[in-house]
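K.L.:
Mind docking chain B on chain A? Use the hints.
There are 2 protein chains.
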Amino acid sequence: MAKEKKLVEEITSMEDDFAQWYTDVVKKAELCDYSSIQGCIIFRPYGYAIWENLKAELDKRFKETGVENVYMPMFIPESLLNKEKDHVEGFAPEVAWVTHGGDTELTDKLCVRPTSETLFCDFYKNIVQSYRDLPKLYNQWCSVVRWEKTTRPFLRTKEFLWQEGHTCHATAEEAKERTEQMLNLYARFCEEVLAIPVIKGQKTEKEKFAGAEATYTIEALMHDGKALQSGTSHNFGDGFAKAFGIQFTDKDNTLKYAHQTSWGMTTRLIGAIIMVHGDNSGLCLPPRIAPTQVMIVPIAQHKEGVLEKAAALRDQLSNFRVKVDDSDKSPGWKFSEQEMKGIPMRIEIGPKDIENNQAVIVRRDTHEKIVFSLDRVVEETDKTLKAIQKDMLEKARAHREEHTYVATNYEEFKETVANKPGFVKAMWCGDQECEDKIKADTTATSRCMPFEQEKLSDVCVCCGKPAKKMVYWGKAY
Amino acid sequence: MAKEKKLVEEITSMEDDFAQWYTDVVKKAELCDYSSIQGCIIFRPYGYAIWENLKAELDKRFKETGVENVYMPMFIPESLLNKEKDHVEGFAPEVAWVTHGGDTELTDKLCVRPTSETLFCDFYKNIVQSYRDLPKLYNQWCSVVRWEKTTRPFLRTKEFLWQEGHTCHATAEEAKERTEQMLNLYARFCEEVLAIPVIKGQKTEKEKFAGAEATYTIEALMHDGKALQSGTSHNFGDGFAKAFGIQFTDKDNTLKYAHQTSWGMTTRLIGAIIMVHGDNSGLCLPPRIAPTQVMIVPIAQHKEGVLEKAAALRDQLSNFRVKVDDSDKSPGWKFSEQEMKGIPMRIEIGPKDIENNQAVIVRRDTHEKIVFSLDRVVEETDKTLKAIQKDMLEKARAHREEHTYVATNYEEFKETVANKPGFVKAMWCGDQECEDKIKADTTATSRCMPFEQEKLSDVCVCCGKPAKKMVYWGKAY
Chain A
1 MAKEKKLVEE
11 ITSMEDDFAQ
21 WYTDVVKKAE
31 LCDYSSIQGC
41 IIFRPYGYAI
51 WENLKAELDK
61 RFKETGVENV
71 YMPMFIPESL
81 LNKEKDHVEG
91 FAPEVAWVTH
101 GGDTELTDKL
111 CVRPTSETLF
121 CDFYKNIVQS
131 YRDLPKLYNQ
141 WCSVVRWEKT
151 TRPFLRTKEF
161 LWQEGHTCHA
171 TAEEAKERTE
181 QMLNLYARFC
191 EEVLAIPVIK
201 GQKTEKEKFA
211 GAEATYTIEA
221 LMHDGKALQS
231 GTSHNFGDGF
241 AKAFGIQFTD
251 KDNTLKYAHQ
261 TSWGMTTRLI
271 GAIIMVHGDN
281 SGLCLPPRIA
291 PTQVMIVPIA
301 QHKEGVLEKA
311 AALRDQLSNF
321 RVKVDDSDKS
331 PGWKFSEQEM
341 KGIPMRIEIG
351 PKDIENNQAV
361 IVRRDTHEKI
371 VFSLDRVVEE
381 TDKTLKAIQK
391 DMLEKARAHR
401 EEHTYVATNY
411 EEFKETVANK
421 PGFVKAMWCG
431 DQECEDKIKA
441 DTTATSRCMP
451 FEQEKLSDVC
461 VCCGKPAKKM
471 VYWGKAY
Chain B
1 MAKEKKLVEE
11 ITSMEDDFAQ
21 WYTDVVKKAE
31 LCDYSSIQGC
41 IIFRPYGYAI
51 WENLKAELDK
61 RFKETGVENV
71 YMPMFIPESL
81 LNKEKDHVEG
91 FAPEVAWVTH
101 GGDTELTDKL
111 CVRPTSETLF
121 CDFYKNIVQS
131 YRDLPKLYNQ
141 WCSVVRWEKT
151 TRPFLRTKEF
161 LWQEGHTCHA
171 TAEEAKERTE
181 QMLNLYARFC
191 EEVLAIPVIK
201 GQKTEKEKFA
211 GAEATYTIEA
221 LMHDGKALQS
231 GTSHNFGDGF
241 AKAFGIQFTD
251 KDNTLKYAHQ
261 TSWGMTTRLI
271 GAIIMVHGDN
281 SGLCLPPRIA
291 PTQVMIVPIA
301 QHKEGVLEKA
311 AALRDQLSNF
321 RVKVDDSDKS
331 PGWKFSEQEM
341 KGIPMRIEIG
351 PKDIENNQAV
361 IVRRDTHEKI
371 VFSLDRVVEE
381 TDKTLKAIQK
391 DMLEKARAHR
401 EEHTYVATNY
411 EEFKETVANK
421 PGFVKAMWCG
431 DQECEDKIKA
441 DTTATSRCMP
451 FEQEKLSDVC
461 VCCGKPAKKM
471 VYWGKAY
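From first to last, the protein sequence lines stand for chains A and B. Per our numbering, the first sequence runs over residues 1 to 477. Per our numbering, the second sequence runs over residues 1 to 477.
Chain A extracted, bound-state conformation:
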């Protein structure tokens, strides 16, 4: 039986080395592979299928709010990137530059888009003339490039896949509403689909997007107690509109600048799924985005009728994403593989089960075994998948609650960050100096000023001056 445990034995335990565990899972579950370009990954079929499910669900939700998809060029001329001062300063240091087309040197060099605000603004400038042309609610699914030095599969890669929404409105209020609407959509998506609870809040001035008036964020807590920024929504006010000249004639016949937003989610969500739900058996996928939801494993499959029964079950479960593993591997190997790949549940069925008109469900998240009557296979599967989806969210929420601390003085703050992985809630005076000092002293950064504020004390945890905001702090990916 030694061979059968091989898949599992080869992964590092998360308690020993979380980073190595992560790398092992990514590789063994065949989510991705390294490529010949350092920092760029290959999305293998299993990893890409998760992205396709995630994308389909998110895209549907966008369209329900009136968003339309477009596709903009992948290149941005240097002159265009330079139009909004803060924006170019934020992105220029990490862009890839195209300098030659074939044998010809380009006169205006092109950067590969790190994000497409400038292209959308240039477009809106041409198509927005009147209040009748507003709002514009555009989104694109594409890949972007940021020349990062330190990379890690899904979490930070030189090229990654994402969606970027860019909207254009007649009023500041409308832009603010859209910024909040999309953040709420992201938060619901994470909780309902990915089973990942998130903290919603606003980024500090220091952490906001280059060129934005305000950046909202959702922050999730990984199993190792580090935070992951999982989606952001930016309110640009009319800053970009002024830099690019996006003006329209309003109902009152005066010329006004448009107000804009942008919002994005990326393939780093796959990293979040791995690090929130995974365990020492490997990946653990929420049923709603699992490429395969149910794996049927026949036991003693050479015995008469077993494979036929397994196939019959698969046909009965055709409303789910279901497969039969009828390969010539041993059941033990198949179990390990199904667990490594995080398939939410398996059904074991052998000759004895068939005799007794029953089978066994094993839940991936809890390893619980459920013996059930074959007459109820559809109902049991449906019930189990729903229970897994719900319980995974609750488990993640409980983990986050257990790893969220309060600090009311700086000693306590430093002590907590050093010894207790997780979020630390603490009051802040609003000065960047304190943010910088906290980062320098502890490596923790301000994750967000949550919409749900609490008053933990009257003074800033760092400098002791009057506090303005309660902030979530933490070490982050």
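Be careful, since some hints might not be right.
The list makes no distinction among identical chains, and a pair is therefore deemed to hold if it is satisfied within one copy or across any two copies.
Stated by the list, open to error - Derived DSS-like pairs (lysine-lysine); straight-line CA-CA distance at most 30 Å:
# : residue 1 : residue 2
1 : K386      : K60
2 : K420      : K208
3 : K465      : K420
4 : K60       : K383
5 : K60       : K323
Worth flagging that the hints you see were computed from the coordinates, not collected in a lab.
P.N.:
Then chain B, alone, in the frame of chain A:
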């Protein structure tokens, strides 16, 4: 009423200037817009929605044949591109080069993928070890870049969207079968979904893909009599496998090279749809890929009950992609707009119709009016859309038949190419010299050696030597 005709009046008639008509339709139907990068277009919502429909249908058909989606990096190191001699010679002159990441000059410069054979080969080399690992049937949806000098929206752009399938097999036979299977899939897709009939055949040595053993193609005829290569499928044999070292241990325990294929379709299909089906009223979309299949236009919509009835019809037609145009534009303007955008049918409904429990369907393709009882709205809509889909294919097929000529001597050949836009079928000796001469004399190129061969004469139309193949010739986009 002058204003109402504006949309239509602004487009050039196709008989006067086909190229200008094309540009007008692309712009007025809001399919795309020019960007600040010469030769790169912006896919506007309507154009992108056509691509999304096309992609969903094609992707479903791929998956039914066992194909899985992946995503490879957008960059190819120069050293990797150089590995297959013919391939690099074919593509290097037209690639965009990334030379800097941030402030740092790259040691191995990167090209933005013009196609990804080299990346897939590099990947297969690592993951294919045994016959058990085969076949690999991968595909990706992405954008690619080719630094073309002369560009035209959808037909030829520096960046375009496409899918590229790359498969890896144990035997030459299997690779050949897959090449043919995908070409047949493409042909059926064009006919069944895009209502575009195609000629299936093989490219000559001169016209085949850089690095391929054989290239198969589907060729469609545009309304102006020019050909458009609409999809290609390449059999690589083991050429790339030898260049990249893709070897596996076969069942007989010997080491063998893999056999490969690749196949692709691009956003130029949108150009094909425009040029096959469009007319002087604008775009004309086959129902199966139309983002909106039915536009309901209320007449005298201020009258009591009209808008309500229009909305009720929309709800009854919820199984179709249907919209109500309840804007404050006049009915005439709405008709023009629906026609310009190529929405397959409209339903006109006004107070008198409601009184008589009827409405009027107007077909976009034939402008035929059909009065029908409101009790049968679902059946009539379904019947009409199916009839449009079918008739559009037949019309396109008839156009192609009428514009396909036979030439048995060189005078006749030159005369036909010069004066009769369309395909010319003629015999060929198989020498590239004749192909080159024909191109130099007439600008026509060999489109394909059709699978369905006919014997039109014993000798080559150009040199008079014994003929080997019947070839479709034509001027092409």
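K.L.:
Of all the hints given earlier, name the ones this structure violates by number, lowest first.
P.N.:
Failing hints: none at all.
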